[in-house]
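> Numbering (this note's numbering), first residue to last: 1 to 132.
Quick caveat, the hints were computed from the structure, so don't treat them as lab data. Here the structure is a predicted model, which is why all the values come from computation and not from measurement. Note that beta-carbon positions come from the ideal geometry of N, C-alpha and C, so glycine has one too. It is possible that some hints are incorrect.
Said to hold, decoys possible - Once the Cα atoms are required to be at most 25 Å apart in a straight line, the calculated DMTMM-like pairs of lysine to aspartate or glutamate come out as:
| id | residue 1 | residue 2 |
| --- | --- | --- |
| 1 | 37 | 66 |
| 2 | 55 | 111 |
| 3 | 45 | 66 |
| 4 | 84 | 68 |
| 5 | 45 | 79 |
| 6 | 37 | 49 |
| 7 | 37 | 63 |
| 8 | 84 | 49 |
| 9 | 84 | 66 |
| 10 | 55 | 68 |
| 11 | 55 | 38 |
| 12 | 84 | 38 |
What the hints assert, rightly or not - Simulated DEER-style distance windows between Cβ atoms:
| id | residue 1 | residue 2 | range |
| --- | --- | --- | --- |
| 13 | 55 | 93 | 14 to 22 Å |
| 14 | 79 | 38 | 47 to 55 Å |
| 15 | 84 | 13 | 42 to 50 Å |
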Amino acid sequence: MILGGRYFQLSNALFHFDLTPIQLTVYSYLVSCAGQKEVCWPSMKRISDCCGCSKNAARAAIDVLEHEGFIRRVHTYADNPFGKTRQTNNTYYILPLPPLSGPAPKTVYREGTTAGEEVYKQNEGNNLQNPP
Numbered sequence: 001m002i003l004g005g006r007y008f009q010l011s012n013a014l015f016h017f018d019l020t021p022i023q024l025t026v027y028s029y030l031v032s033c034a035g036q037k038e039v040c041w042p043s044m045k046r047i048s049d050c051c052g053c054s055k056n057a058a059r060a061a062i063d064v065l066e067h068e069g070f071i072r073r074v075h076t077y078a079d080n081p082f083g084k085t086r087q088t089n090n091t092y093y094i095l096p097l098p099p100l101s102g103p104a105p106k107t108v109y110r111e112g113t114t115a116g117e118e119v120y121k122q123n124e125g126n127n128l129q130n131p132p
């Protein structure tokens, strides 16, 4: 069993946004880190290691995810014992998915013969009918 059998869910609508594989992976990782709290603060090294990409690719993905409204990033700072301020891990807030830009494309299924003739075509009501 991996990680005690924990899992997380993503909306199927996520596949209707034009996210690259790295952006989708980084978003999925942030969602898995956040869990039900919808907030997490993994390091950039941890994100890149877990997502199988470079730190620069992870940063670029986070920039896009933030710009498109999937996450909100808050830069976090801490003072060290010598009085100097340094940046620590960012805090990431998982936001509700942004609205889709248009209706989802309709899928049309066709069955054919080896000769290339169309046998059945799916209509709007998802019923198969013979071609005209």
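> Compare the structure with the hints numbered earlier in the document and write down the numbers of the violated ones, lowest to highest.
Violated hints (numbers, rising): 2, 4, 8, 9, 12 and 14; every other hint is consistent with the structure.
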